[in-house]
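Visitor: Chain by chain, the residues:
Protein chains: 2
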Amino acid sequence: MGLTKTDMFTDEQNDIALIAKVFGHPARVAILQHLFKTNACVCGDLVTEIGLAQPTISQHLKELKHLGLIKGNVEGTSVCYCIDTDNWAKMKNIMFQFLDQDIAKGTCC
Amino acid sequence: MGLTKTDMFTDEQNDIALIAKVFGHPARVAILQHLFKTNACVCGDLVTEIGLAQPTISQHLKELKHLGLIKGNVEGTSVCYCIDTDNWAKMKNIMFQFLDQDIAKGTCC
DNA sequence: TCTATTAATCGTAATATTGCAATGAAACAA
DNA sequence: TTGTTTCATTGCAATATTACGATTAATAGA
Numbered sequence: 050m051g052l053t054k055t056d057m058f059t060d061e062q063n064d065i066a067l068i069a070k071v072f073g074h075p076a077r078v079a080i081l082q083h084l085f086k087t088n089a090c091v092c093g094d095l096v097t098e099i100g101l102a103q104p105t106i107s108q109h110l111k112e113l114k115h116l117g118l119i120k121g122n123v124e125g126t127s128v129c130y131c132i133d134t135d136n137w138a139k140m141k142n143i144m145f146q147f148l149d150q151d152i153a154k155g156t157c158c
Numbered sequence: 050m051g052l053t054k055t056d057m058f059t060d061e062q063n064d065i066a067l068i069a070k071v072f073g074h075p076a077r078v079a080i081l082q083h084l085f086k087t088n089a090c091v092c093g094d095l096v097t098e099i100g101l102a103q104p105t106i107s108q109h110l111k112e113l114k115h116l117g118l119i120k121g122n123v124e125g126t127s128v129c130y131c132i133d134t135d136n137w138a139k140m141k142n143i144m145f146q147f148l149d150q151d152i153a154k155g156t157c158c
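Going line by line, the protein sequences match chains A and B.
For the first sequence, our numbering begins at 50 and goes up steadily by one.
For the second sequence, our numbering begins at 50 and goes up steadily by one.
Please note that a few of the clues may not be correct.
Copies of the same chain are indistinguishable here, so a pair counts whether it falls within one copy or spans any two.
As the list claims (entries may be wrong) - In silico DSS-like links for lysine-lysine, alpha-carbon gap of 30 Å or less:
{"hint": "1", "residue 1": "Lys70", "residue 2": "Lys114"}
{"hint": "2", "residue 1": "Lys120", "residue 2": "Lys141"}
{"hint": "3", "residue 1": "Lys70", "residue 2": "Lys141"}
{"hint": "4", "residue 1": "Lys86", "residue 2": "Lys114"}
{"hint": "5", "residue 1": "Lys54", "residue 2": "Lys86"}
{"hint": "6", "residue 1": "Lys141", "residue 2": "Lys54"}
Please keep in mind that the hints were generated in silico from the structure rather than gathered at the bench.
A quick note: this is a predicted structure, and the numbers were derived from the prediction, not measured.
All chains should be built: construct the whole structure from the sequences, respecting the hints.
Guide: In structure tokens, the structure reads:
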């Protein structure tokens, strides 16, 4: 069916899944890494940098924007993208909490 | 086309994406949280706990096992699952490194 | 105005994912 | 052996994702 049954899970579980899903594609990982690496706004060179077609990159950027992880500033005919540091920090907290769980040694494993 | 072009990206980027993709479904998040919460091996009660059909849970468990995040011990007719703490730690390192990047204030955002 | 540049959107094809009924396999009990 | 329990696998239908050509929208420059 391809349809995730989100109503069976907590908001927290759905949030974590939505965040993780955005990171679940190497192009989006590459975009984010590039935005971090350049340490500033990146104006349009993402298409040549990543190597996918322009509509494809635009689509990935849209998903990152939708989650609030990046911002886009219109600058003439081009658009400058950068990390939204506030939302990134919020996202990081949610994911850290999930990933950083510790577990005592179980009974059988 | 639905086909991710993995050959255009670094191994690191593909690794991060593969890990994140597994977390990109609330059922798998819920399974992992339950394994952490019970603090021990969980034998079969995952189906009633999560609320999806048994084959669906089995499929999600398979993906978690494939990434090495959980282990399954056969115990008579049932199977006990638990977190693979070593692999979880390795995964955590990779994801922390990605999530914990810091960025100086950019020029335009 | 006309043209070039840049990026978003639309439309579509190919592939992936999700979920479950049905079935199969393995271990145990009677 | 026969039945029961538990979980994996198979097969399939519905939906989602990925990628890109074609087009559109907006701005800048000649």
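Visitor: State for each hint whether it applies.
Guide: Status of the hints after comparison with the structure:
1. Taking CA atoms no more than 30 Å apart as the test, Lys70 paired with Lys114 passes in both settings, with 14 Å inside one copy and 19 Å between copies.
2. Proximity of Lys120 to Lys141 under the C-alpha cut-off of 30 Å is found in both arrangements, the shortest distances being 17 Å within a copy and 27 Å between copies.
3. In this homomeric assembly, Lys70 and Lys141 come within 30 Å of each other (Cα to Cα) both inside a single copy, at 14 Å, and across copies, at 17 Å.
4. In this homomeric assembly, Lys86 and Lys114 come within 30 Å of each other (Cα to Cα) only inside a single copy, at 18 Å, whereas the closest approach across copies is 33 Å.
5. Taking the shortest Cα distances, Lys54 and Lys86 sit within 30 Å of each other only across copies (22 Å), while inside one copy they are farther apart (37 Å).
6. When the C-alpha separation of Lys141 and Lys54 is checked against a cutoff of 30 Å, the pair qualifies both within a copy, at 25 Å, and between copies, at 27 Å.
When held up to the earlier numbered hints, the structure conflicts with none and fits them all.
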